[in-house]
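Construct the entire structure; sequences and hints are all you get.
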Amino acid sequence: MSMVKRSAIVDKLRRKRMLELLAEGKRIDGRGPLDYRKLEVEIGAIEKAEGSALVTLGNTKVVAGVKVKVEEPFPDTPDKGILIVNAEVLPVASAYAEPGPPDENAIELSRVTDRGVRASGMVDLSKLVIVEGKWVYSIFVDVSVLNTDGNLFDATSYAVVSALLNAKIPKYVFEDGEVKETGEVMPLPISNVPISVTMASIEDKLVVDPNGEEEGVMDARLTLVVDEEGRLCAGQKGGSGSLRPEKLMEAVEIAINKSKEIRKVIEEAVKVGKA
Amino acid sequence: MSMVKRSAIVDKLRRKRMLELLAEGKRIDGRGPLDYRKLEVEIGAIEKAEGSALVTLGNTKVVAGVKVKVEEPFPDTPDKGILIVNAEVLPVASAYAEPGPPDENAIELSRVTDRGVRASGMVDLSKLVIVEGKWVYSIFVDVSVLNTDGNLFDATSYAVVSALLNAKIPKYVFEDGEVKETGEVMPLPISNVPISVTMASIEDKLVVDPNGEEEGVMDARLTLVVDEEGRLCAGQKGGSGSLRPEKLMEAVEIAINKSKEIRKVIEEAVKVGKA
Amino acid sequence: MSMVKRSAIVDKLRRKRMLELLAEGKRIDGRGPLDYRKLEVEIGAIEKAEGSALVTLGNTKVVAGVKVKVEEPFPDTPDKGILIVNAEVLPVASAYAEPGPPDENAIELSRVTDRGVRASGMVDLSKLVIVEGKWVYSIFVDVSVLNTDGNLFDATSYAVVSALLNAKIPKYVFEDGEVKETGEVMPLPISNVPISVTMASIEDKLVVDPNGEEEGVMDARLTLVVDEEGRLCAGQKGGSGSLRPEKLMEAVEIAINKSKEIRKVIEEAVKVGKA
Amino acid sequence: MLIDEKGIRTDGRKWNELRPIKMEVGVLKNADGSCYIEFGKNKIMVAVYGPKEVHPRHMALSDRCLLRCRYHMSPFSTTTRKNPAPSRREIEISKVLREALEPSLILEDYPRTAIDVFVEILQSDGGSRCAGITAASVALADAGINMRDLVSAVAVGKVDGKIVLDLNDVEDKEGEADMPVAIMPNLNRVTLFQFEGILTKEEFEKAYELALKSVKKIYKIQREALYEKYFEGEVKVE
Amino acid sequence: MLIDEKGIRTDGRKWNELRPIKMEVGVLKNADGSCYIEFGKNKIMVAVYGPKEVHPRHMALSDRCLLRCRYHMSPFSTTTRKNPAPSRREIEISKVLREALEPSLILEDYPRTAIDVFVEILQSDGGSRCAGITAASVALADAGINMRDLVSAVAVGKVDGKIVLDLNDVEDKEGEADMPVAIMPNLNRVTLFQFEGILTKEEFEKAYELALKSVKKIYKIQREALYEKYFEGEVKVE
Amino acid sequence: MLIDEKGIRTDGRKWNELRPIKMEVGVLKNADGSCYIEFGKNKIMVAVYGPKEVHPRHMALSDRCLLRCRYHMSPFSTTTRKNPAPSRREIEISKVLREALEPSLILEDYPRTAIDVFVEILQSDGGSRCAGITAASVALADAGINMRDLVSAVAVGKVDGKIVLDLNDVEDKEGEADMPVAIMPNLNRVTLFQFEGILTKEEFEKAYELALKSVKKIYKIQREALYEKYFEGEVKVE
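Chains as they are written, first to last, in my numbering: chain A, 1 to 275; chain B, 1 to 275; chain C, 1 to 275; chain D, 1 to 238; chain E, 1 to 238; chain F, 1 to 238.
Treat the hints with care, since some could be wrong.
Taking CB as the label site, the calculated pair distances span [stated by the list, open to error]:
(1) E224(D) x G25(A): 43 to 51 Å
(2) S126(A) x V179(C): 23 to 31 Å
(3) E20(B) x Y227(E): 37 to 45 Å
(4) K168(B) x G183(A): 39 to 47 Å
(5) D29(B) x Y230(E): 22 to 30 Å
Think of the hints as simulated: they come from the structure by calculation, not from any bench.
All figures in this text were calculated on a predicted structure; none of them were measured in a lab.
C-beta atoms are modelled at their ideal positions from N, C-alpha and C, and glycine is treated no differently.
Quick look at the structure:
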């Protein structure tokens with residue numbers, strides 16, 4: 001899933017250059033440590049999906065689509081609808097993405113995105129029940145990554161969240177012993193909007209929204225997801241390096257601040273999409 | 001699935017020789033361009049199958065067997081039985097056939113054979129319903145390719161068609177809320193018989209029923225399936241080459257003519273099998 | 001699954017040495033031909049499992065756990081519960097065990113163990129029915145092999161048998177049209193205890209309980225399973241060599257004798273486990 | 001009734017009319033060549049990677065490039081969610097797509113390498129394989145692969161007893177025949193032909209001729225998309 | 001009741017009688033060796049390919065040939081359709097078949113190569129593994145592989161309380177014990193032994209002796225099949 | 001109610017108390033290093049194999065060792081039988097475990113080789129990934145792999161509105177937040193951090209500080225387990 005061809009020598013030189021720049025508060029593409037790249041959210045791009053969003057973050061491009069089925073609930077949650085987030089890094093996305101079932105990177109991406117949505121209680125699953133224990137709405141959010149240039153975690157999360165906000169799902173009722181489509185549509189029962197903020201740590205210096213080159217040389221990736229009330233709802237360290245303990249609280253501070261800025265962009269895009 | 005060991009130099013020499021012969025209207029095994037190899041159809045070889053046929057076309061040998069289950073219909077066709085054609089090129093069949101799930105060649109073979117049977121309406125699936133939306137007959141036609149020497153498409157199609165014509169399936173009824181076997185058997189509801197005619201194009205010269213050596217050097221394979229009334233019901237170009245547009249209509253002409261000859265052989269074999 | 005690194009020359013020397021020793025009635029680890037290594041059976045090690053046993057046979061170590069589900073019976077045995085034995089040689093177990101689905105060795109191990117349990121009638125499956133044709137107990141016995149040093153067949157069989165003897169499964173009843181857990185537990189309906197005795201044949205000399213080094217050079221493996229009444233209930237030859245026909249009856253004699261000794265160890269361990 | 005008494009189809013088209021087509025070249029930054037196409041409601045992204053090293057090595061061909069092709073549908077591309085694992089249909093289409101593109105490429109120029117063509121259906125409508133070939137050929141040109149010609153594809157078929165051009169989703173499902181055809185327009189050679197349905201010889205010929213003729217319109221749009229990327233601002237040919 | 005009061009089995013045989021056996025050698029053109037066997041209602045095709053190059057290379061053995069074996073049932077070979085993916089049963093049988101054949105082959109004569117034995121069950125009846133071994137050994141001879149001996153196999157078992165030879169399908173399913181045995185008849189060595197059921201030591205011994213004796217009849221049929229192909233018209237050994 | 005009015009948890013612990021921990025080093029004869037841990041009701045076996053040759057070769061790294069890690073649950077380890085095929089959860093945990101261990105190892109000392117860490121959950125309770133990391137680090141030491149530090153892990157979380165240490169199974173499932181953390185205690189660096197639940201910034205900080213502090217108790221137990229194997233009978237440090 002890495003976008004940049006790994007060459008040990010080039011990586012070392014690039015890392016050295018990044019550290020020199022970071023010492024001056026600069027980054028290799030001209031941004032400051034806490035600057036996101038340009039974020040564009042296009043809502044409703046896939047008309048056949050119940051909801052969809054195309055997110056462009058610098059050169060990273062992902063599209064998410066919502067599909068709905070009526071299914072039996074899981075045995076241990078008979079009173080809840082089902083929500084499944086599944087991300088695939090398509091082979092169109094980079095020279096290093098292979099066709100085939102999701103690898104550990106794509107699975108981590110799906111699961112961390114899912115955790116943010118789930119822990120924040122974004123979709124009120126208890127309102128997605130048709131007949132308790134028998135029939136519930138099953139919401140699939142599939143993500144196709146089209147181009148990778150770093151920070152798939154945020155781009156994927158924004159696409160999933162936006163597609164869920166955009167979704168209009170067919171309404172079903174239980175009548176005469178069977179589940180019937182009413183022909184009406186309804187929005188999903190949304191009760192929170194989680195915003196993911198991902199940082200790279202390079203020699204314990206944190207930068208937000210790392211691009212592909214930065215991810216190629218970073219020590220660790222740190223994702224924190226913040227809910228509407230500024231609370232933390234999910235987090236994940238990735239990468240083979242380590243970080244100083246106090247860096248995590250610094251990252252929490254950054255995440256809470258940056259999430260406000262991103263939240264506005266998504267809310268605006270969803271509003272435009274609805275108008 | 002190719003039967004002939006590929007050697008670039010040998011292929012070139014063989015192709016050159018074939019073209020010289022074709023210029024005189026001859027083929028490498030002595031046939032004329034529009035001659036089939038010897039076709040033998042043995043009906044009912046597998047007694048445990050509901051219907052079966054062993055087809056030998058030159059050195060190409062395939063066996064098809066029909067099995068029946070009672071299953072739920074597909075949700076989008078509640079008023080139709082199910083017909084599934086599945087061909088496997090077994091590792092017994094050639095030094096180049098690997099064990100394992102069907103590869104793209106075997107899948108194409110299955111799907112093109114299936115299309116001929118389906119588009120011609122050979123089996124009237126609306127008559128294979130026990131309880132609409134609940135229980136239908138599910139007809140599996142499995143093909144095991146035992147030896148490959150070119151033209152698997154025709155051999156497979158003939159085996160499938162003959163096995164379906166030969167089949168006697170157990171009769172089920174719905175009584176007292178459940179599906180019961182009656183102990184009787186019945187033939188399948190047959191309403192048409194599609195005949196496949198496959199050609200190789202070598203420098204825009206068409207020959208029918210290519211053998212393994214011819215397939216090894218041909219530019220393209222062209223299969224056309226003709227129904228009882230001489231109408232086209234399926235077609236497929238295969239292979240990495242191209243052909244002049246007018247060649248397709250020439251192939252249509254050939255297919256309509258040759259299908260009559262093949263139809264007689266199959267009808268005769270089925271008659272013998274029944275007697 | 002072999003534990004010893006295969007080196008043709010070392011194997012030859014080792015085999016030569018073994019044969020010299022066997023000529024004197026000795027083995028490479030000091031045992032006599034009919035001596036088992038130390039056998040320890042620890043019952044109930046996995047509290048979350050309905051029954052469990054950890055078996056140590058020399059350096060070979062396997063753990064078996066019983067889990068129960070309520071399921072539909074197989075269509076051809078509506079009046080019987082389900083029993084499934086599944087052994088996996090975990091990658092912790094040796095440098096030559098790969099992660100992934102069971103290979104042919106692990107499948108043979110599972111199936112031979114299963115045959116001994118099944119043919120002896122150890123678990124009376126007709127007593128594991130809740131509603132005939134609808135709901136039966138489905139007993140899974142999973143085996144995790146933790147360290148391999150020869151004779152997985154016996155170690156696995158002892159672990160499976162002991163875990164089944166140890167099991168207390170939740171009791172279900174059918175009331176008001178559904179299957180309900182009663183909160184009570186019950187032992188499995190045990191009607192026989194099969195004991196596996198495995199031998200290695202090296203130049204037609206039989207030794208019981210071969211260790212890893214012996215398995216590395218043996219001609220054939222011979223497993224015979226003996227029931228409570230001294231009858232044979234399962235058997236399997238493994239390995240790429242052959243044996244003189246009369247050796248099989250010699251092996252039968254050995255198996256019947258040794259099974260008595262092993263039976264006592266297992267019965268004692270199960271008694272201790274219950275106290 | 002898929003065609004009304006005035007000969008107008010469900011989406012307002014006449015029998016010989018194409019759906020709206022929009023192509024954009026070079027839309028993916030990482031790919032060596034790429035093309036996004038909207039063809040009716042089809043939305044398709046094509047990426048080309050290569051020529052590049054072949055893994056595993058023994059699959060490399062000593063005298064030419066190994067062309068690989070994957071046609072794949074995103075789970076949200078269809079009315080009912082599509083399982084992301086490749087279906088038998090996708091595997092067959094991947095093969096015929098590869099065989100439709102291969103005659104147009106001078107693969108001898110790149111021995112021991114591979115070219116990957118990935119055709120991702122983001123939204124599917126009737127004729128997605130033809131739209132995919134059309135976009136893939138442009139993406140191969142964008143990647144700078146040596147070519148003999150572009151490949152242009154369109155489907156024809158029979159709906160309500162009439163031969164029509166470029167079937168949409170409902171016409172594809174409920175129509176009587178469907179025939180996707182791909183052509184190298186300058187070399188005048190067929191590279192893809194598939195057919196399913198029931199047609200008399202005369203109907204077959206009429207449909208086929210319609211495909212041969214209409215494919216030239218597709219070719220024009222392909223050329224325009226390439227011009228737009230490479231010669232924008234310069235004088236257009238045509 | 002699988003044996004009537006006169007000691008006659010459901011298919012008319014006596015307790016120590018084999019089902020009819022028919023073998024044909026060299027029936028597949030592409031294979032290096034092949035044999036088709038009908039054994040009762042079993043219909044089995046065996047092909048041998050090799051000695052040949054090993055892929056992947058690192059699996060090759062420096063001092064001998066790698067023997068591989070696949071036992072597989074066609075989907076239509078059984079009463080209920082068999083899923084074409086290999087079952088655990090087929091995987092186990094493939095292993096014991098390979099181990100039953102291996103002692104008979106002089107694999108040291110073909111270092112760094114592989115021999116593939118494919119046993120395809122076109123119609124299954126009781127004893128398909130024994131019939132498969134019997135045919136495979138002949139197919140290996142047909143392929144010209146250096147051998148120490150043929151391998152001949154037959155099953156014995158217990159039905160209605162009686163020891164019987166060569167169980168058919170219903171005897172296999174409803175009988176009390178089943179014991180497939182394979183022997184190299186000239187070298188007098190056992191290469192396959194499996195057993196499932198309940199037998200006292202005395203019954204076990206009786207059954208086993210029956211197998212050892214009866215397998216010689218199988219061997220005779222194997223030799224005849226090979227003579228028929230290779231020395232037809234010449235004076236038969238007997 | 002997972003915490004009673006006296007602040008006592010369902011298993012009798014106080015908010016900042018660990019469950020009982022037992023470790024044994026070198027329990028598997030075949031492994032290069034091994035460690036068995038009981039952590040509450042978790043029962044986990046860890047084996048380390050390596051440094052060893054890499055297959056397939058092209059995956060080897062020229063400048064360092066390839067670290068691989070598999071976290072796997074035995075089918076009987078959970079209340080409901082666990083399918084033995086690796087779940088998405090197991091695949092993710094395998095990745096974060098590897099990334100938690102990697103910073104502690106001097107992989108540059110073993111170029112072109114691989115080290116495999118297998119973490120087998122024989123019985124699962126809350127916190128199995130932390131217990132697995134803790135045991136794996138000891139097994140790596142037992143295998144003699146060059147290390148910068150041990151890795152010690154523990155989870156913190158929120159239950160009934162209170163921050164608590166080391167969640168057990170029921171607290172993990174019904175609690176409001178869960179935060180596994182791994183540290184190299186001497187180097188004072190975080191190697192694993194995951195979080196799920198809802199916490200205010202203040203709660204988050206309190207929980208995190210608790211993890212940083214408590215992990216040192218884990219470290220002490222790790223050292224004792226190693227001493228027990230390697231210096232039993234000698235004077236203990238501490």
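Checked hints:
The hint said 43 to 51 Å for the Cβ distance between E224(D) and G25(A), and at roughly 47 Å that hint holds. For the pair S126(A) and V179(C), the beta carbons lie near 26 Å from each other, so the given range of 23 to 31 Å is met. A hinted range of 37 to 45 Å holds for the C-beta pair E20(B) and Y227(E), which are about 44 Å apart. Taking the beta carbon of each, K168(B) and G183(A) are about 46 Å apart, inside 39 to 47 Å as hinted.
Against the hinted window of 22 to 30 Å, the Cβ-Cβ separation of D29(B) and Y230(E) comes to about 27 Å, which satisfies the hint.
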